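J.: As they're listed, the protein sequences go chains A and B.
Numbering of the first sequence is given in our numbering, commencing with residue 1 and proceeding in unit increments.
Numbering of the second sequence is given in our numbering, commencing with residue 1 and proceeding in unit increments.
Bear in mind the hints are in silico, worked out from the structure with no lab data behind them.
Computed from a predicted model, the values in this text were never measured in an experiment.
By construction, the Cβ of each residue, glycine as well, lies at the ideal position given by its N, Cα and C atoms.
Be careful, since some hints might not be right.
Here are the simulated lysine-lysine pairs, DSBU-like style, with alpha carbons at most 35 Å apart [what the hints assert, rightly or not]:
1) A:K114 with B:K76
2) B:K76 with A:K305
3) B:K334 with A:K114
4) B:K334 with A:K196
5) A:K305 with B:K362
Short, incomplete list of chain B residues facing chain A, as computed with Cβ under 10 Å [stated by the list, open to error]:
6) L79
7) S108
8) S165
9) K166
10) P175
11) E211
12) L314
13) L315
14) S343
15) L349
Protein chains: 2
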Amino acid sequence: MSRSKKDHAEIIKQQAFEKLVALGRQVYEQLMNERYPEFEMPMRSSSNIYYDETMRQYTVGEKRIKRHAGNVRHLKPFLQTLFVASFAARDLLEPGRTSTLRDLYYSSESAMAKMFSDQSESDNIITDLEAIIGMAREDFNIFPDARSTIFGDLTVAFRDKKTGSKREITLTFNPDGQTIGPTLVRSDFVKTSADKVICIESGGMFQRLVEENADEEFNAILIHLAGQAPRGTRRLIRRLNEELNLPVYVFVDGDPWGVHIYNVIASGSAAAAHLVGLTTPDAIWMGLTASDIMKYDLPTDHFTKGDITRTFQLLKDPRYQTPYLQQELRKFIKLKKKAEQQSLTSKSLTFVVDEYLPEKFKEIKELQKAGKL
Amino acid sequence: MSRSKKDHAEIIKQQAFEKLVALGRQVYEQLMNERYPEFEMPMRSSSNIYYDETMRQYTVGEKRIKRHAGNVRHLKPFLQTLFVASFAARDLLEPGRTSTLRDLYYSSESAMAKMFSDQSESDNIITDLEAIIGMAREDFNIFPDARSTIFGDLTVAFRDKKTGSKREITLTFNPDGQTIGPTLVRSDFVKTSADKVICIESGGMFQRLVEENADEEFNAILIHLAGQAPRGTRRLIRRLNEELNLPVYVFVDGDPWGVHIYNVIASGSAAAAHLVGLTTPDAIWMGLTASDIMKYDLPTDHFTKGDITRTFQLLKDPRYQTPYLQQELRKFIKLKKKAEQQSLTSKSLTFVVDEYLPEKFKEIKELQKAGKL
Numbered sequence: 001m002s003r004s005k006k007d008h009a010e011i012i013k014q015q016a017f018e019k020l021v022a023l024g025r026q027v028y029e030q031l032m033n034e035r036y037p038e039f040e041m042p043m044r045s046s047s048n049i050y051y052d053e054t055m056r057q058y059t060v061g062e063k064r065i066k067r068h069a070g071n072v073r074h075l076k077p078f079l080q081t082l083f084v085a086s087f088a089a090r091d092l093l094e095p096g097r098t099s100t101l102r103d104l105y106y107s108s109e110s111a112m113a114k115m116f117s118d119q120s121e122s123d124n125i126i127t128d129l130e131a132i133i134g135m136a137r138e139d140f141n142i143f144p145d146a147r148s149t150i151f152g153d154l155t156v157a158f159r160d161k162k163t164g165s166k167r168e169i170t171l172t173f174n175p176d177g178q179t180i181g182p183t184l185v186r187s188d189f190v191k192t193s194a195d196k197v198i199c200i201e202s203g204g205m206f207q208r209l210v211e212e213n214a215d216e217e218f219n220a221i222l223i224h225l226a227g228q229a230p231r232g233t234r235r236l237i238r239r240l241n242e243e244l245n246l247p248v249y250v251f252v253d254g255d256p257w258g259v260h261i262y263n264v265i266a267s268g269s270a271a272a273a274h275l276v277g278l279t280t281p282d283a284i285w286m287g288l289t290a291s292d293i294m295k296y297d298l299p300t301d302h303f304t305k306g307d308i309t310r311t312f313q314l315l316k317d318p319r320y321q322t323p324y325l326q327q328e329l330r331k332f333i334k335l336k337k338k339a340e341q342q343s344l345t346s347k348s349l350t351f352v353v354d355e356y357l358p359e360k361f362k363e364i365k366e367l368q369k370a371g372k373l
Numbered sequence: 001m002s003r004s005k006k007d008h009a010e011i012i013k014q015q016a017f018e019k020l021v022a023l024g025r026q027v028y029e030q031l032m033n034e035r036y037p038e039f040e041m042p043m044r045s046s047s048n049i050y051y052d053e054t055m056r057q058y059t060v061g062e063k064r065i066k067r068h069a070g071n072v073r074h075l076k077p078f079l080q081t082l083f084v085a086s087f088a089a090r091d092l093l094e095p096g097r098t099s100t101l102r103d104l105y106y107s108s109e110s111a112m113a114k115m116f117s118d119q120s121e122s123d124n125i126i127t128d129l130e131a132i133i134g135m136a137r138e139d140f141n142i143f144p145d146a147r148s149t150i151f152g153d154l155t156v157a158f159r160d161k162k163t164g165s166k167r168e169i170t171l172t173f174n175p176d177g178q179t180i181g182p183t184l185v186r187s188d189f190v191k192t193s194a195d196k197v198i199c200i201e202s203g204g205m206f207q208r209l210v211e212e213n214a215d216e217e218f219n220a221i222l223i224h225l226a227g228q229a230p231r232g233t234r235r236l237i238r239r240l241n242e243e244l245n246l247p248v249y250v251f252v253d254g255d256p257w258g259v260h261i262y263n264v265i266a267s268g269s270a271a272a273a274h275l276v277g278l279t280t281p282d283a284i285w286m287g288l289t290a291s292d293i294m295k296y297d298l299p300t301d302h303f304t305k306g307d308i309t310r311t312f313q314l315l316k317d318p319r320y321q322t323p324y325l326q327q328e329l330r331k332f333i334k335l336k337k338k339a340e341q342q343s344l345t346s347k348s349l350t351f352v353v354d355e356y357l358p359e360k361f362k363e364i365k366e367l368q369k370a371g372k373l
């Protein structure tokens, strides 16, 4: 495993800091030249968002918009953007602090004037700033609440904030799993014996796999997504795939919402189209598929109207055009039934490790051979 | 710190197992004596739930109900209860597995007949079983999803399931916090340098306190409640208070919902009135109080109709009869405003550790001296 001399965390921090300072410098220089300052960013509206076949993710197009301080309609968002940029550089990155979206909103209340009328306004400006510097808010230390967890034989290193020295931890340490927060997402990967990553939608199933030693059984790092994976977790999954060459499997509920959790990990979301580094295009969906539900005769619920509408939407979505996804979505529509991943428990508590996962790995290998994935 | 020879986890497991077996034996003996089997449990309806001034928690009264296999209306819940008891003893406690409420519901699908028509039915029977044996479902290995976390200088020990040997971890290990799951809740406390516990409602504030080294600054173990604290977390808080004699402070949003999060930790909930060992009667509310909101002129939201109704309910609640709680609830009603704990960020990112918490500890000491808490 190759390691650069600098920590992953330091490299990111420096890049973000430099880009924020460059933005400030640009505005400053325009002012010094007695011009109204302005800056540009990619347009984030749906007319400028498309699925890029080469990048295999949603991305933004060529259209750009300008924020010009000489335009009275632009003045407020112009100032708001500079406030967030300055807060991120000076109050977060420089002293090494993190904050939440909510913290940032409240912090603006201490500014001379009330900067934002509500949090949706400050959230939106934070996304603008992401688009301007082309980096995620996590890179300038604005994090959502941590809620997903990881377990498995992976040793990571990070700098202890108090002592300044490096520490290593191995993520089998606590059987309840390690929280994926700012520290873990940006840690350096030191070593692993695992040869794959399995991402799991529900906490119950994650705990089941940890208890049944699925990490050893399948040589896997286990990640609990806690529903739609937070962006920090999607970043970590991408890094495990990219830096350690680990194939990523995503194990979700057998319904359109579960498939979509998989797909956002693989191909990203429209809301984060202005960012790269969050997707894992080669991630593999490992069910529950509609075929699994039939094959194992699992306890099901009926599709609701919402489930049906959603499945038809996915069928047309550019991210769902592989033959395999199309086939399974069509089967769901025919079956009109869904099943949670925990429904596998109806066979026995160990069925998922004894039968389901080994079978699924075999099936995936065959699909890959046949070029169907 | 005194330590018994047996692990905390083993003692609990054995107690629960013996009580479940005793229930089974009772039914078996009745059958052998050619009687319709029956068992009893405390009635859990509101007419039998009251606030016990001595225990300082909600508890169940003397009324008991019978489940009698000779009564056709009792037959289904009778069998359901025995199914859950047998599952807990044989499939969970004996092999050392845990499961979720959902797992249990699905597991029943593998029984000869469909045992439960939906999960609310199986959840309800699990609560019955708690009442019958007087122990919490966590004691017979049925856990909710883990979502709260802990950080601070506390060393705990637990048995490694794979090697069978004891392991110690110190909970300052990962700055993102340790998940409070089945392992941690039942671990043995080995040592701590902390002299108090601070429980925190929101993830943003928890992360802030960890970053600002509040654990060292205030010599505290920090616990993220993630809203209304899960029962495992309430158990852990009680154990920290009881076994280590650590005073417990609860830091929540300044609104009736926040105060109630505090109060459930202190005095329990009606839903868990049939259980002991989950409450910490001496836990101290550390705001945000209505007075804090005025004193620091914090950014607020207006009280909704629901907030007002809720506050009037709390004023009449037997758990809210201390002069201090009454006074602050009345102030909230007068103020008609609420503030999140993160609103303290509006002063500065470090205001909470530099000003708010030191002031609050002083204030609490004075209130205690004056006998007002």
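J.: Min Cβ distance, B:S343 to chain A: is it shorter than 10 Å?
T.: It holds, given that the least Cβ distance between B:S343 and chain A is near 5 Å, below 10 Å.
J.: Regarding the pair B:K334 and A:K114, is the alpha-carbon distance no greater than 35 Å?
T.: It holds: about 26 Å lies between the C-alpha atoms, which stays within 35 Å.
J.: Can the hint on B:L349 be confirmed by a CB-to-CB distance to chain A that is less than 10 Å?
T.: holds, 6 Å
J.: Between A:K305 and B:K362, does the CA-CA distance stay at or below 35 Å?
T.: Between A:K305 and B:K362 the Cα gap is close to 57 Å, so the pair fails against 35 Å, i.e. violated.
J.: Once the shortest beta carbon distance from B:L79 to chain A is found, is it less than 10 Å?
T.: Hint violated; B:L79 Cβ to chain A Cβ min 18 Å, cut 10 Å.
J.: Could you grab the alpha-carbon distance between A:K114 and B:K76 and see if it respects the 35 Å cut-off?
T.: Violated: A:K114 and B:K76 sit about 62 Å apart, past 35 Å.
J.: Hint B:E211 vs chain A: min CB-CB distance below 10 Å?
T.: holds, 6 Å
J.: With a cut-off of 10 Å on the beta carbons, see whether B:P175 makes it to chain A.
T.: Nearest chain A Cβ about 5 Å off; hint holds.
J.: Holds or violated: is the Cβ of B:S165 closer than 10 Å to a Cβ in chain A?
T.: B:S165 check fails; min Cβ-Cβ to chain A is 14 Å, beyond 10 Å.
J.: For the hint on B:L314, just tell me whether its beta-carbon gets within less than 10 Å of chain A.
T.: Status violated, d = 25 Å.
J.: Would the hint linking B:K334 and A:K196 be met if the CA-CA limit is 35 Å?
T.: Not OK: B:K334 and A:K196 at ~59 Å, beyond 35 Å, violated.
J.: Using Cβ atoms only, decide whether B:S108 comes closer than 10 Å to chain A, and label the hint accordingly.
T.: Holds, because the Cβ-Cβ distance from B:S108 to chain A comes to roughly 8 Å (cut-off 10 Å).
Violated hints, listed in ascending order, are 1, 4, 5, 6, 8, 9, 12 and 13; each of the other numbered hints is respected by the structure.
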